[in-house]
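Asker: Next come the chains, spelled out residue by residue.
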Amino acid sequence: AQSVTQLGSHVSVSEGALVLLRCNYSSSVPPYLFWYVQYPNQGLQLLLKYTSAATLVKGINGFEAEFKKSETSFHLTKPSAHMSDAAEYFCAVSVEFTGGGNKLTFGTGTQLKVEL
Amino acid sequence: NAGVTQTPKFRILKIGQSMTLQCTQDMNHNYMYWYRQDPGMGLKLIYYSVGAGITDKGEVPNGYNVSRSTTEDFPLRLELAAPSQTSVYFCASRELSGDGYTFGSGTRLTVV
Chain A
1 AQSVTQLGSH
11 VSVSEGALVL
21 LRCNYSSSVP
31 PYLFWYVQYP
41 NQGLQLLLKY
51 TSAATLVKGI
61 NGFEAEFKKS
71 ETSFHLTKPS
81 AHMSDAAEYF
91 CAVSVEFTGG
101 GNKLTFGTGT
111 QLKVEL
Chain B
1001 NAGVTQTPKF
1011 RILKIGQSMT
1021 LQCTQDMNHN
1031 YMYWYRQDPG
1041 MGLKLIYYSV
1051 GAGITDKGEV
1061 PNGYNVSRST
1071 TEDFPLRLEL
1081 AAPSQTSVYF
1091 CASRELSGDG
1101 YTFGSGTRLT
1111 VV
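So the sequences go chain by chain: A and B. Last residue of the first sequence: 116 in the working numbering, with the numbers rising by one and none dropped. Last residue of the second sequence: 1112 in the working numbering, with the numbers rising by one and none dropped.
It cannot be assumed that every hint is accurate.
Listed next, with one range per pair, are the computed distances between beta-carbon atoms [claimed, not checked]:
no., chain 1, residue 1, chain 2, residue 2, range
1, B, Arg1108, A, Ser80, 22 to 28 Å
2, A, Ser12, B, Asn1030, 37 to 43 Å
3, A, Glu15, B, Gly1063, 28 to 34 Å
4, A, Ala54, B, Ser1069, 22 to 28 Å
5, B, Pro1083, A, Lys113, 43 to 49 Å
6, B, Met1041, A, Ala17, 39 to 45 Å
7, B, Thr1005, A, Ile60, 18 to 24 Å
8, B, Met1041, A, Gln42, 32 to 38 Å
9, B, Glu1079, A, Ser9, 43 to 49 Å
Hints listed in this document are in silico derivations from the structure and should not be mistaken for laboratory results. All figures in this text were calculated on a predicted structure; none of them were measured in a lab. The C-beta atom is built at its ideal place from N, Cα and C for all residues, glycine as well.
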């Protein structure tokens, strides 16, 4: 079954430092992968998605992720953290239903804290 | 604005009470989903629908029911609320083709 694993439930970085949030996937077929961000008391906002085109995907707010088949990874990065990046981040994979259609299966989330 | 609308935003229920969480989308999306979010657990799929009149169970359907009488609406029903149903509930929709999911802003439910 297709799934994603997020390593590290909490990550803390200094403002201006590199942000690296890890996501590994398990899939027997080329997956569609997503990163979502959730700010406190809000819904989920799509940061970026991989749909088998370019392996380096650029998203909103300066985030990007690289699909690495050899490592089964889809880590999220941002060169320089900003205080406004503090939020919870979810990696997700699109999984097909038997009989057609699909759904998102989520990782357990990573809480990003940005310190001065 | 086009999107997924959830009501109410907050609700406190007593054990054994029932309620319906409303979800409406105006994008003519075929697929609709209900997820619950618990701390440290990510989002788990409760029920989904691939079109009007068609619904099916997700990973955690126990204690919930859904219906899909129209393309726009996908209400989630709790018949006998239990403390284990304290959670944040998200409704989402997706177009028939493509991979764009749209999420509502959530309903925060507390059962006491």
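Asker: Each hint should be assessed against the structure and marked as holding or not.
Answerer: So, going through the hints one by one against the coordinates:
1. Arg1108/B - Ser80/A: 22 to 28 Å: For Ser80/A against Arg1108/B, whose Cβ atoms are near 33 Å apart, the range 22 to 28 Å is violated.
2. Ser12/A - Asn1030/B: 37 to 43 Å: With Cβ atoms ~41 Å apart, the hint holds.
3. Glu15/A - Gly1063/B: 28 to 34 Å: At 43 Å between Cβs, range violated.
4. Ala54/A - Ser1069/B: 22 to 28 Å: For Ala54/A and Ser1069/B the Cβ distance comes to about 41 Å; the hint is violated.
5. Pro1083/B - Lys113/A: 43 to 49 Å: 29 Å, violated
6. Met1041/B - Ala17/A: 39 to 45 Å: 28 Å, violated
7. Thr1005/B - Ile60/A: 18 to 24 Å: Between Thr1005/B and Ile60/A, where Cβ atoms are some 23 Å apart, the hint holds.
8. Met1041/B - Gln42/A: 32 to 38 Å: 18 Å, violated
9. Glu1079/B - Ser9/A: 43 to 49 Å: About 33 Å separates the Cβ atoms of Glu1079/B and Ser9/A, which means 43 to 49 Å is violated.
Comparing the model with each earlier hint shows violations of hints 1, 3, 4, 5, 6, 8, 9; every other hint is respected.
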